[in-house]
Structures are given as C-alpha cells and as structure tokens.
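S.K.: Here the protein sequences come in this chain order: A and B. Adding 9 to a residue's 1-based position in the first sequence gives its number in the numbering used here. Adding 9 to a residue's 1-based position in the second sequence gives its number in the numbering used here.
Check the hints yourself; a few may be wrong.
No distinction is drawn between identical chains; accordingly, a pair holds when it is met within one copy or between any pair of copies.
As the list claims (entries may be wrong) - Capping the alpha-carbon separation at 30 Å, the derived lysine-lysine pairs in DSBU-like fashion look like this: (1) Lys292 / Lys327; (2) Lys384 / Lys32; (3) Lys362 / Lys292; (4) Lys243 / Lys292; (5) Lys464 / Lys396; (6) Lys292 / Lys359; (7) Lys243 / Lys366; (8) Lys447 / Lys384; (9) Lys32 / Lys327; (10) Lys350 / Lys327; (11) Lys243 / Lys327; (12) Lys243 / Lys351; (13) Lys359 / Lys243; (14) Lys173 / Lys366.
Hints are computed from structural coordinates only; laboratory data are not their basis. In this text the structure is predicted, and so the values were computed from the model without any measurement.
There are 2 protein chains.
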Amino acid sequence: MSIQAYIDEHKGRFLEELVELLKIPSVSADSKFKPDMLRAATFVKDKILAAGADRAEIFATEGHPVVYGEKIVDPDAPTVLVYGHYDVQPADPYELWDSPPFDPVIKNERIYARGACDDKGQFYMHVKAFEAMVATKNLPCNVKFMIEGEEEIGSDHLGEFVRKHKDLLKADTILISDTSIIANDVPSIEVGLRGLTYVEVEVTGANRDLHSGVYGGGVANPINVLCRMIASLKDENGHITIPGFYDQVTELTTAERSALNDAPFDLDAYQQDLGIDEVEGEKGYTTIERTSVRPTLDVNGIWGGYTGEGAKTVLPAKAYAKISMRLVPNQTDKEIEAKFKKHFESIAPKSVKVVVKPHHGGLPYVTPTDSLEYKAASMAMEASFGKVPIPTRGGGSIPIVALFEEVLGLKSVLMGFGLDIDALHSPNESYGLFNFYKGIETIPNFFRYYAELRKEA
Amino acid sequence: MSIQAYIDEHKGRFLEELVELLKIPSVSADSKFKPDMLRAATFVKDKILAAGADRAEIFATEGHPVVYGEKIVDPDAPTVLVYGHYDVQPADPYELWDSPPFDPVIKNERIYARGACDDKGQFYMHVKAFEAMVATKNLPCNVKFMIEGEEEIGSDHLGEFVRKHKDLLKADTILISDTSIIANDVPSIEVGLRGLTYVEVEVTGANRDLHSGVYGGGVANPINVLCRMIASLKDENGHITIPGFYDQVTELTTAERSALNDAPFDLDAYQQDLGIDEVEGEKGYTTIERTSVRPTLDVNGIWGGYTGEGAKTVLPAKAYAKISMRLVPNQTDKEIEAKFKKHFESIAPKSVKVVVKPHHGGLPYVTPTDSLEYKAASMAMEASFGKVPIPTRGGGSIPIVALFEEVLGLKSVLMGFGLDIDALHSPNESYGLFNFYKGIETIPNFFRYYAELRKEA
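Here chain A stands alone, though its shape is the one from the complex (with noise of 0.2 Å):
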C-alpha cells in the first residue's frame, strides 16, 4: 500500500487524534497547567509508540518534560531528528475567542484552538507520517522525537537536556514544523529566524501609593517615568537607541534585499487583514525587511496602578513592562540583554528605582540553502505542491536551533506548513486542514530525498 493510499485511508482518524491533544491545556506559561502539561507528554508519548517507535519515554526536567521516541530502522541509514513542543501560550484573552481556546471546534476546512497551528497541529504531522511510514514499511531513515514542554517560554531546560544525552540525540539533521508558507499555492521555507532578548522591568516611585492630588506634581510618577523611557528606546526613525544595539547587524547586500522582497507581498492586503490605515515600522526598510531581517523592541505587557471599573485618582508605587527585542544574525540573546539591562538603569531618574529582571533569551540562526537537508525539504514540498518553495526569512524565533547546532553540531531545516491566518499566540488561533494533510503528505517526501541526498553524498 502506498503512504498517500494509507493517509487518505486513515486521516479521519488523525485529526480526531489531533482534536484529542488539542483539548489538553498545556500552557507551559501558568505553573496551574502543571498537571496537564504531564497529561500532554504522555498522551504525545503513547501516540508515538502507537505509531511504530522502538521505544519512547518521558524524561524529567527541572521545568516541564521532554518526550523522546525512536525507531533505528538500519544502524547505516542517516538519522533524523524530529523536534516540535507541546506546549502551547497562554489563551487569553479568552472573551475574545469566538469558541473555548481548548474545546478544537472545526469549520470551513480550519481546526480552531489553541496550540492548532503552533505546535501540536504542526509536530503531530511527523508523528502521523512517522506511522505511515513504518505501516507501510516506507521508512528509509531511523527516526529520533525530541518533543518539549517549554519552547513558549524559552526552552529554559532543553539546552541542559540536549547536553546531558548527546549520544541518545545523536542524528544526521534536525526537522523541525513550527513555522510557515507564503500562502497554499506559494510553498516556502524559512531560512532564517530572529533571536530573542525578553525581560521585566519594573519602575519604583514612593514607598506606597499616594493620593494623586496632594502629591501630583510633586513626585515621581512610576507610570509616567515608564512610559517616558519606554518612548525613549526608539527615536523618531523607529531606530531603537540602545547604544551598541545594532553593533552587531550586518546589512543585507543589495542582491539580497531585492531577493528578499521578490517574495509575493500586498501591503493593502497585509493592512487589511490586520484592519489598520498604516504600517509603522524602522524608516528605510520594508515591511518584509522589518518583520525579518531587522531586530526590534516591542512591549509585551505594561501594567500599573488603578485599572478596575471607574476612576481612582492614586499615584502608584510601582509600575512594570515586558518588553521583548527581536535579533539578527550576529547578535546574541545575552549581548543585548546586558545592553539594554546598562542602558535602562542608565536613563532611569534619580526619582525612582529600576529593576531589570531578564526572562529568556535565544540567538538567531540561518540554514544554508546548499545544505543537503535544505535541498531535501525544497525537493519534498516541490513534489507534494508541484511549485519549488520559496526560502524566506522568518520574524519569529526558535532559540533552541542556535543550540542544537552548538550543542549536536546540527543543522536544522525549518519545513513549516502554517500560514499567516493561523492567528499564533492570538485568539482564535487556527490551522487549515489542508497544511495538516499536506505536511503529513511531504514529510515521507523529505525522508525519501535526504536518503537519497544522503547516498549520493
């Protein structure tokens, strides 16, 4: 029987499976999930035997677990790394979700909740074409699952995981389905992703609050000193004025700023489907440049002082903000953590106390396209979409890549499916049943070219 006979036959079925996982709370974010991340590794553990692996276990870390899987079809054949996370972000706001972020509801051709798209949607297909595969002895290469609880919030415990078992992990390449195509009929691969610099700031003023009326005007606001430095980190141009902040970024040569911006954009289209009148972004740069090739800053979360229903004329003690850059080859998670860290304390008044508090970090990372595992993954999705895919530069960030190749001197090629409608980290995230089926469909392709690639070689 063929893999396409087998997945046409049993991909009722798979999605009933994915709505399943879909169900399980896994916000890695909100110690309260605690109990259902655990739920989420062993039902991801249990499927991945059930698929056909040798063995599979949940391994303990000092966060949330790692699922690891294997199947060694041949000790000579190259070795793949299939890594994805089952955690998911937190779902709110939830009353602006159309259906409970944790109850999947599907409609026209879309399977909506949390998690959909970013992962579980998306590494669920390796495991649904891992078992179609192995049923119909199709597996040309051993497979390895490494699937995590904590890339939402930093992988703050895989780098020591992948440290302590670089033998269990030991691989050819690393697959990786966590990021996107231009659209359905315009395939592509992300050749490259942003490092990530997040931390959390929080301004003091007074020792309590204070009555805003007899001491306005005559102390310190921490809210308004916030806001005065938040402002202060990008100058007129969108430029972010950290000194040192862009040490590090190489500019794009004009060949590759064109190359970049052949890839099919409509900025009305863009505008419309996020219903703004304009962009706004760093002057002399495109939107495709902005969201890719260079570093940002962007608040995540303020918060401070009175936000309950009416009016409460208080002068607060403390206000704080998440804010989060987005980096670029060359620059590091740490550089520019310490960089802005010195810089915020710098410009802080006399008239408060700061307090920088570094959340997680990652670096940024670029797959070559002359890498075999690259040209695997371009023959694979030509194959299933009949259209050579497009490589591209992705805005997002999966620190962990950086250190796999540190760490496992491994090269990952980033074979997503998802599209920009899939809404991550939003309500009402979703991801179309198309991608779900035509990732199960490409990934036996690029399992077939890496072999093939692989004898050649």
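For chain A, the structure is supplied; the task is to place chain B on it using the hints.
M.R.: This is chain B only, laid out in the frame that chain A set:
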C-alpha cells in the same frame, strides 16, 4: 454638663461606632459593593437621628443615595450645612495592607482601615460633635447634614440632588472636614483646592493580538505608541505640552509665593517618609507649589498585553490608560478635558486608533480668608489647638464645593483634621485618634464662634 465633659464621657462609644461604619466596604467605584453602599447610608441616617436630629432620610439618586438630616433650633439662627461622604476609594492592592482594609485595627493611637480618614473618620466627627451639642443643650445654629456616596467617583449625581433640593439645603455656610492639617502641633486650614479632569484612553493597533515575531517591527505596537504619546504630554522641564493648558493659570505674586512657602516643610523628611532619593516636578517651582498651586498630569493606571506570570511574545491589539489632571483656579475641568481630547487625538499616529473617554471632573475652589466662616474656623482651631491655624492651598480636589457655590450661593470652609501620614487612597490608610477627638472638640467651637460673628455682622 460641658460639651468637653460629654465628649470625654462618651469617647469610647464614639470610636466603637466609627469602627462599625468602617467595617462596611462602601466602595462607590465598584458596582459589586452596591448593597454595602446602602448599608452605609442607612447606618449614617440612623446615627444622625440618634444624635438628635429632627429628621433624617435617605434620598435615592441615579447613582448612590444621599443621606440628609437636620435639626432646626431657631428659624432666626444661622444654619450650617455639613457636607461629607460615606463612600471610600477601592482598597486594592489588598496584598499591601498589613490588616484587612474593612476590618479596622487600632494600634499606636491610630485606627487603620479604608476610609478611616477619608472621609468616614472625618464626617463622623460632625455627627458626634452634633450629638454632644444637642445633649448638652449647646447648639447655637441650625444644622443640616448632607452625606453623599459618590465623592470618590466625582459626585456625578449630587449636582442634580442639590439643584432639586435648593430649599431643603438652604443654609448660611457649608462646613466640610475632608482635608488635612500640617501637623498635630501646626494646625492649618485649606483655603484652596485643585480641580480635576479625569479621562480614560484606549489605543488600538491591529484588529487582534499578534505574534511579536511574525509582525514585530512591521506594525504599530499600541503599548509603545501609548507610552510615546503619554511621554510627549510633558517636556523636559515637567511642563505639560497640551496646547492652551496653562492659558487660565495665573502666576502667584512674589508675596503670595513666599507666604505659601513659609509654611513649615522639611524636604528631607518628606523624601524620607516616601522612601525616595529625589522629588520630581515642574522646573522652577517648589514642592509645596507643585502640589498646591500648579496643575498636574498623572497616569493613575495603565494596562495592555500580557501581564501574567512568565513571558508571552504577544504584540497586543490594545493598550489603555487612566489619566488625571489636577487644575488650579480659573482652569475649568470641561475646558481642560476638551483640550486634552483634542491634543491626544491629534498626536495619535495613523498606525493606531485612539479613543478618549471622559470620566468625572471638578472645578478648583478658593475660600476667602476674610469670610466669616473662615474666621470662625480659625478661631475654633486656635481655641482647641492653642495656635492660630495657617491658611494653606491643598492639592486635592472636592469638586462639589465649586458647585455648592454656584447652585446654593454658599461658601464652604474646609476644616479638616487629617495628616499626610494618613495614607489616603493607599494601603494601610489610617486616622489618628488624637485627630478624631480633636475634631469632635473643635467643631462645637466653630458653631459657637460662627453664631457670634453672625450676630456681630
């Protein structure tokens, strides 16, 4: 029996009754406390009757009810209208209270609870002073009580109440205890109050929360934009940049300024009390001036994006802030509200949408120091404190006093007994027992001197 003897004999019960009143969480800003608002109003009505009023009743309004009570001793005697409010500020953040805000605790001669000073502790002094005057047959004036339940949210419906009941409220002056003295050995009377304009702003970027990696750098982040806009509302000298904001502000004369700055004030002690290394405010003015005769702009609350545990790389759709401005004589809340709205909307970049929602406001107010009521209050404090009180300009706002003058044609005298350390609107609000009893002792003096001065006049 003398008034003082009566007070000494019943002071224990006076305090117990205040404790009962403080146990009622009458938070006007939060609708979930509506039943407690009615409980508090009923308690006040009953106590006014018990103290010897001819009548007392609860008047319903579109908002929270007003308690009215009166005792007419002689149609030809002057009538004093006592104003106060039984509503309190929200008590959050609860975790910063050393004891529950609505479970009063008495320690080191102070009573700790939300509303202890503002204004339950202060208006209740009038109920008890009234009881003492009636019981000892020493009531030289007619008394009318008007205790409202919406002062902390702008007295939205008291204006209508006052207009509707002009005849009922007919009086010769208004006596209010809702302000502070400089120190227990430095009595003072506030002769000026700042006005207030309070607005809520909403900044909207995209039509949904976005992934900060995929869209970061390419579209406006409403939090960054809000911070930019708020920061731009003041220049490097702490001067407010809203066009025309200072148009109506009259600079004090050199004489007025030095008189104002003659009031005892220790900057080191002030900074130490607040736990700050440096004060911050409008350049060219002293802390006393900044907090009394100069207008202000403070953010009272700000929120947007992810504010939970851990990190979420979201580019939020919306950001919000509550912003209030304290006004000085000649500025009007409506005028400043309009100027703020116009300016704030004008500085919004095309990449976002901005909504400015007015909350409540109030006009500034000044009590002439040559008025009968001021003289009576000054003599009353001199008699009980042994020192002539210093006339001061307060930074807070009691919007309703300007309305009293407009509608009833009456001046108000602000004979308050609080202290800066009372932590109004803050966690661990408290009121000194010395101040509570000193107020009860001083109020009858006011009635006596006011009646005498009226006869002479």
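S.K.: State the violated hints by number, sorted upward, taking the hints as numbered earlier in the document.
M.R.: Violated hint (a single one): 2; every other hint is consistent with the structure.
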